[in-house]
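Please model the entire structure based on the sequences and the hints provided.
4 protein chains.
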Amino acid sequence: MVSFESDYTTGAHPEIIKKLSETNLEQLSGYGSDKYCESAREKICKACGLKEADVEFLAGGTQANAVVISTMLADHEGVIAAETGHVSSHEAGAIEFTGNEVLELPQENGKISPADLERYMAEFYADLNHEHMTFPGMVYLSYPTEYGTLYTKAELEAISGICRSYKLQLFIDGARLGYGLMSKEADLTLPELAALCDVFYIGGTKVGALCGEAVVFTKGNKPKHFITSVKKRGALLAKGRLLGVQFDTLFTDDLYFRISRHAIEMAEKMKAIFLSHGLKIYLDSPTNQQFIVFENSRLEEVSKKVAFSFWEKYDDSHTVVRAATSWSTTEEDLAALEAALE
Amino acid sequence: MVSFESDYTTGAHPEIIKKLSETNLEQLSGYGSDKYCESAREKICKACGLKEADVEFLAGGTQANAVVISTMLADHEGVIAAETGHVSSHEAGAIEFTGNEVLELPQENGKISPADLERYMAEFYADLNHEHMTFPGMVYLSYPTEYGTLYTKAELEAISGICRSYKLQLFIDGARLGYGLMSKEADLTLPELAALCDVFYIGGTKVGALCGEAVVFTKGNKPKHFITSVKKRGALLAKGRLLGVQFDTLFTDDLYFRISRHAIEMAEKMKAIFLSHGLKIYLDSPTNQQFIVFENSRLEEVSKKVAFSFWEKYDDSHTVVRAATSWSTTEEDLAALEAALE
Amino acid sequence: MVSFESDYTTGAHPEIIKKLSETNLEQLSGYGSDKYCESAREKICKACGLKEADVEFLAGGTQANAVVISTMLADHEGVIAAETGHVSSHEAGAIEFTGNEVLELPQENGKISPADLERYMAEFYADLNHEHMTFPGMVYLSYPTEYGTLYTKAELEAISGICRSYKLQLFIDGARLGYGLMSKEADLTLPELAALCDVFYIGGTKVGALCGEAVVFTKGNKPKHFITSVKKRGALLAKGRLLGVQFDTLFTDDLYFRISRHAIEMAEKMKAIFLSHGLKIYLDSPTNQQFIVFENSRLEEVSKKVAFSFWEKYDDSHTVVRAATSWSTTEEDLAALEAALE
Amino acid sequence: MVSFESDYTTGAHPEIIKKLSETNLEQLSGYGSDKYCESAREKICKACGLKEADVEFLAGGTQANAVVISTMLADHEGVIAAETGHVSSHEAGAIEFTGNEVLELPQENGKISPADLERYMAEFYADLNHEHMTFPGMVYLSYPTEYGTLYTKAELEAISGICRSYKLQLFIDGARLGYGLMSKEADLTLPELAALCDVFYIGGTKVGALCGEAVVFTKGNKPKHFITSVKKRGALLAKGRLLGVQFDTLFTDDLYFRISRHAIEMAEKMKAIFLSHGLKIYLDSPTNQQFIVFENSRLEEVSKKVAFSFWEKYDDSHTVVRAATSWSTTEEDLAALEAALE
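Just so you know, the sequences run in chain order X, S, V and L. Note that the numbering used here gives residue 152 to position 152 of the first sequence, counting from 1, and the numbers run on in steps of one. Note that the numbering used here gives residue 6 to position 6 of the second sequence, counting from 1, and the numbers run on in steps of one. Note that the numbering used here gives residue 327 to position 327 of the third sequence, counting from 1, and the numbers run on in steps of one. Note that the numbering used here gives residue 18 to position 18 of the fourth sequence, counting from 1, and the numbers run on in steps of one.
Watch out, some of these pointers could steer you wrong.
[Claimed, not checked] Taking CB as the label site, the calculated pair distances span: (1) X/E26 x S/E312: 24 to 30 Å; (2) X/H277 x V/K167: 42 to 48 Å; (3) V/E83 x X/E300: 33 to 39 Å; (4) L/A336 x V/G220: 40 to 46 Å.
[As the list claims (entries may be wrong)] Here are the simulated lysine-lysine pairs, DSSO-like style, with alpha carbons at most 30 Å apart: (5) S/K219 x V/K19; (6) X/K222 x L/K304; (7) V/K19 x L/K304; (8) L/K46 x V/K305.
Worth flagging that the hints you see were computed from the coordinates, not collected in a lab. We put the CB at the ideal spot given by N, CA and C, even for glycine.
Shown next, in the form of structure tokens:
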């Protein structure tokens with residue numbers, strides 16, 4: 001059975017496995033101080049076009065969100081996010097566990113609008129009792145969003161501008177960053193994205209690594225003694241090489257972008273297959289996650305051969321599923337999908 | 001240069017790399033629900049001689065300590081540990097970050113004594129104001145300790161008995177468990193250790209894995225909805241297979257014990273080399289970590305060829321270093337050590 | 001200048017000041033163990049018609065919310081509240097500070113509907129990924145709400161029933177409980193309210209005390225070693241008598257209800273004054289807080305003689321203000337209001 | 001029965017009750033913004049000889065400790081305290097609840113020594129792994145200590161100097177500050193003490209108030225948006241007047257010092273009574289708390305007439321008790337003690 005359930009069903013890109021194997025017996029220092037971490041940092045800074053950036057590696061996306069948010073907010077501050085943002089609803093309260101509040105904004109297709117953000121900020125400071133409320137201190141965005149959609153460059157510039165005017169930090173969750181940047185609809189580059197925000201991370205787990213996210217502090221703004229804060233949150237790996245080797249490989253010869261582009265091409269073909277078989281697209285995503293409406297009995301039949309993720313109930317007789325491609329999706333997988341739909 | 005700095009300077013045992021490579025393209029479900037995690041769980045339960053145990057995998061030792069302690073303590077409780085326990089002093093406040101207090105007991109060679117524990121408990125309940133203090137709710141031990149030493153079976157039985165009488169949970173940190181159980185001085189087996197405590201973990205990171213610790217709840221006492229609590233702490237890996245494959249390999253054909261035994265044999269030879277070169281053993285450890293006293297100028301000289309960890313200042317002209325072996329230590333490494341000492 | 005800004009602008013009811021003075025030199029034990037606390041507990045249980053209840057005193061409303069929620073939720077759980085609930089938006093993140101998430105429901109006039117609650121719960125358990133989300137473990141309601149409105153008995157019964165069927169605890173914030181129960185529109189009594197929930201508190205700060213809220217655990221469900229948890233949150237007063245004497249006085253000869261009824265009568269007269277002077281009621285509140293729409297220039301004029309709280313902007317030329325009565329509002333205050341409006 | 005159990009067995013000094021009564025019907029703004037809070041702030045700054053200080057009021061000592069420490073430490077820092085410090089052992093983990101570690105130093109008679117502090121700091125920075133440990137960020141002292149003893153001015157200067165050289169903040173817990181400053185052995189004044197530290201508090205609860213501690217940030221170093229942080233910790237009283245009126249009274253006509261001096265005089269007479277009746281002083285305290293060794297059967301007899309606090313077991317036949325005086329101790333109380341001992 002072929003699975004399109006998610007972009008983390010297979011292991012790592014073979015280049016990564018190869019590199020882990022080749023470097024396995026080298027004796028390296030721990031906790032992210034080894035030469036592969038160093039090399040990966042340099043390559044990432046270069047790819048981002050950043051001169052004064054700091055890069056640190058963490059194991060997963062929820063962990064990265066919680067560590068970044070809780071080390072960068074002041075005590076009286078919270079983080080603004082779309083009500084569908086990963087930090088708002090799919091992290092089991094990880095941000096709250098660190099003592100911080102998520103301030104939710106309405107969303108459309110997973111995105112917040114600059115207008116809503118501006119209104120929220122204006123109303124906050126207009127409220128004479130705002131000292132009794134959590135101060136907004138940061139904006140959290142996902143690129144792509146949890147619905148596979150993308151902010152345009154203009155939208156990001158508008159949000160970034162509002163952040164600057166209200167002294168909000170801008171944090172971009174890039175758990176699937178490669179799939180966003182390589183989308184045909186993306187109208188900005190990695191350096192352009194990096195220049196607009198204060199901190200973001202480059203997702204590895206869902207883009208070809210076994211685990212790992214590279215957090216980029218774009219402007220010399222890494223919290224002081226960050227490694228101690230990471231340790232304090234139980235998030236410091238002794239064998240930091242595991243993350244260093246993976247990101248060093250991903251940022252060698254553009255592997256990160258090549259495998260992202262592959263997944264996007266596969267996603268477009270997959271979408272075409274769904275459409276050509278009379279299925280309805282629930283939400284128009286230009287990235288590697290597609291959301292499809294199935295009539296329930298048809299879904300039951302197809303699910304015997306191909307696996308999708310349940311997304312939500314559409315109506316009494318229809319269901320929305322998520323179908324995702326990844327670096328490892330093959331033409332054979334697509335052929336199997338096509339066969340299953342016939 | 002050969003390094004004896006720690007037991008986490010090399011990657012994973014080659015069998016693990018091989019298995020990660022072989023299973024890499026298999027499509028597996030996420031978050032620890034895959035077949036390798038399942039298989040690893042079964043093998044571990046069998047190795048522990050436990051029928052009603054639950055096994056969950058986490059990425060590192062500090063994380064395991066923080067997750068276990070914070071999910072198993074009641075609100076009014078704290079955890080008792082040796083003042084030299086890892087949770088007391090080397091985790092950057094990770095236990096406190098979860099809102100819990102570490103109650104420190106004096107130690108000798110890294111161990112707390114049953115007598116001190118009994119006295120602490122008796123005095124706590126004798127204090128008429130104890131409702132204004134953190135209640136002891138758990139005892140944390142390391143096996144081996146942070147100094148490489150081992151509790152005897154009799155000591156563990158005594159401590160376990162005190163825990164039962166005061167309704168304290170007993171938690172054993174087994175970050176280096178294999179090196180303890182395979183020590184020539186160990187007088188108890190894994191099933192015997194498992195039977196004496198409520199929860200413990202089998203360290204992978206320092207015993208041949210790239211990362212990973214297997215937490216064993218010995219008696220059907222896994223906290224409810226544990227996976228949600230793990231997620232809440234940012235500690236849930238999407239590709240749980242990374243931990244499942246590693247532990248499945250470690251518990252196939254006794255690999256975990258074979259590589260532990262190898263490290264112990266290397267440690268004994270290493271110790272003999274130190275002694276035969278006139279060096280003083282600071283603290284008599286029967287496990288893979290040895291603590292050696294060097295005259296400072298000699299250390300400087302030797303350090304050009306072999307690397308150790310600084311442990312502590314001994315006196316104005318001497319230093320204590322830690323020298324550790326691991327699954328990957330070779331006869332060539334020992335020969336290099338011998339050459340360096342001559 | 002007369003102020004209708006809030007119900008906490010004056011000190012305590014004179015009976016309370018008198019009793020504090022009379023008992024001042026008595027030597028009493030600390031931390032809530034004195035005879036006045038005991039007496040207050042008994043009187044409150046009796047007023048609530050509860051046999052197995054426990055009553056504990058805390059200093060303020062946000063504190064009571066944070067202590068109750070954080071000691072009664074399990075680790076994987078959060079608390080459901082209206083998006084306008086005090087815990088959602090006006091406590092500066094106090095619930096999140098204790099590591100717990102507030103799960104927001106839509107509201108109408110400050111109230112959540114049984115239908116929305118039922119839908120939320122059904123959808124939560126229908127989501128196959130709900131183990132990655134915070135489990136709803138409690139419902140938080142305010143009676144009266146932050147908008148001065150009241151749930152009907154039928155609504156509370158429906159919500160209570162949903163809570164029982166999903167094993168949710170029901171917590172009622174009664175910061176202004178007296179003003180709710182004494183409202184002409186209230187269709188339930190204190191014992192009826194108490195019987196429908198698991199825990200609630202009787203607000204003192206806003207109903208005639210200098211400070212203090214009486215938390216009532218209705219069914220022998222006070223968290224174990226609650227006093228230790230209160231201390232841990234910095235919420236335990238050494239001179240617990242301050243709270244005991246106040247609540248003992250409030251629950252002697254129905255003082256709590258008498259002063260609440262007085263405030264309601266004053267509120268009705270105040271409302272009539274507003275209406276008779278052509279002002280518009282923004283939101284129909286049957287309790288001591290009234291929300292009035294003023295044309296801006298008129299508000300500016302009136303504000304020279306009478307003070308209100310700014311509530312929110314109505315439109316470019318109008319403002320909503322809050323006008324509150326309390327135990328201390330007098331006929332003279334109302335006359336001053338009337339004069340100011342003319 | 002007369003009680004010497006603690007200094008919080010009676011209510012407030014009659015002047016305070018009088019003032020609360022007189023101001024009771026004044027309409028005042030909430031949350032610490034009223035004129036009595038303002039007046040108290042000014043008087044306290046003047047008494048402390050401070051120009052750029054900020055004063056904020058909290059309800060109790062454990063709360064003050066937790067709020068100050070958790071708002072002033074950076075994420076990677078913890079607070080150093082004597083192992084017998086209130087924050088170390090008698091606050092049920094209140095500091096840890098806020099996510100912060102208490103780093104314990106040995107003590108003598110409740111005091112830490114400058115030498116131990118200097119050694120701790122030197123060793124911390126000498127440890128090459130200190131980035132994996134909690135950084136010391138603050139020193140917590142009690143004046144008087146939990147044993148009633150006092151640091152000399154020279155000791156405080158030495159500690160203050162070490163703090164400056166290592167960039168540690170110095171925080172003095174003055175829960176019983178008045179009894180320290182008015183002791184015959186005190187060799188420093190309030191302005192001198194204030195000049196040596198970064199933050200301290202003037203205890204009200206144990207020195208004549210119903211509740212309340214005045215936190216003094218000595219050098220314009222109050223954390224930004226402190227009121228929001230206080231609210232977030234559930235520590236903000238709506239009727240801030242309760243604290244303002246009390247401190248305004250205590251700092252009018254030196255009341256705070258007059259009642260402290262009275263307690264000291266009573267304590268000296270009490271001590272003389274114990275000595276003249278052949279009792280042994282356990283620990284030489286120059287403040288209002290005395291620690292006396294009783295033969296058990298004699299204690300049982302005396303306890304029928306006079307109440308003390310159990311402090312600790314001395315040996316199998318003797319017990320140490322604490323006897324405390326306060327602003328409200330009278331000559332009659334002492335006569336009753338004398339009678340009971342005969």
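Hint-by-hint comparison with the structure:
1. X/E26 and S/E312 have their C-beta atoms about 28 Å apart, which keeps the hinted 24 to 30 Å range intact.
2. Under the hint 42 to 48 Å, the C-beta atoms of X/H277 and V/K167, about 43 Å apart, fit the expected range.
3. The hinted window of 33 to 39 Å between V/E83 and X/E300 holds, with their beta carbons roughly 37 Å apart.
4. Between L/A336 and V/G220 the Cβ separation comes to about 42 Å, which falls inside the hinted range of 40 to 46 Å.
5. Note on S/K219 and V/K19: the hinted pairing is violated, with a Cα-Cα distance of about 55 Å set against a maximum of 30 Å.
6. Of the pairs offered as hints, the one joining X/K222 and L/K304 is violated, with about 64 Å between alpha carbons and a cut-off of 30 Å exceeded.
7. Proximity of V/K19 to L/K304 is assessed by CA-CA distance (about 29 Å); at most 30 Å being required, the pair is judged to hold.
8. Using a Cα cut-off of 30 Å, the hinted pair L/K46 and V/K305 is violated, with the two alpha carbons roughly 35 Å apart.
In summary, the numbered hints that this structure violates are 5, 6 and 8.
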